[in-house]
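Q: Produce the entire structure from the sequences given, and follow the hints as far as they go.
The sequence shown begins at 11 in my numbering and counts up one residue at a time.
The set of hints was computed from the structure by calculation and includes no laboratory data. Be careful, since some hints might not be right.
Unchecked claim - Dumping the calculated DSS-like pairs for lysine-lysine here, alpha-carbon to alpha-carbon at most 30 Å: (1) K157 x K113; (2) K157 x K74; (3) K113 x K74; (4) K113 x K62.
The model shown is predicted, which means the values in this text are computed figures rather than measured ones.
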Amino acid sequence: MATWRRMTLNDIPGLLRVADAVHPSLPETASVFTERVQLFPSGCLILAAGNKIYGYAISHPIRKDQPPELDSLLVEIPADADQYYIHDVAILPELRGQGHAAKGIRMLFEVSSQFPTTCIVSVYGTGPFWQRFGFEAGLVDGVLSEKLRNYGGDAVYMTRDNAADS
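A: If you want it as structure tokens, here you go:
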């Protein structure tokens, strides 16, 4: 049975296999995932059964409405970070529809609760999925609009109020 656990650097090769399968048109390098685990390990999860990785979740604090560009390094978590960002939740097709995504997202919400809001860039038309967790389309300025182009034509910046969890 697959369960979520904290990600380690040893998980990166398996994570990349999942990322390549789930996001073939949105590739990111191993260095991006390695850096996220090193900078903010409590926001990085792996869905695994034994040694097989079936999914992952990457998240970290950011400055409000300033998610990173796709496939870019952060260098550091800003000391004045005031929003939580879910970079990705990806699960292989054979384990979808079993509640794994919801459980992983709830685990991320436990971490994000120290911030007023959480944001995500929804891709592949997944906005309705994220709406089930309280996300709504957010306001987008010119800088953010430019970043969203790298995520594909259907990318939508979404935010949620974390106060709803208290």
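Q: Keeping to a limit of 30 Å between CA atoms, is the pair of K113 and K74 held or broken?
A: Holds, because 25 Å separates the two Cα atoms, which is no more than 30 Å.
Q: Quickly compare the C-alpha distance for K157 and K113 to 30 Å and report which way the hint goes.
A: At roughly 29 Å apart (the allowed maximum being 30 Å), K113 and K157 satisfy the hint.
Q: CA of K113 to CA of K62, is that 30 Å or under?
A: OK: K113 and K62 at ~18 Å, within 30 Å.
Q: With a cut-off of 30 Å on the C-alpha distance, tell me whether K157 and K74 pass.
A: Given pair K157, K74 holds - Cα atoms ~14 Å apart, limit 30 Å.
Of the hints listed earlier, there is not a single one the structure fails to meet.
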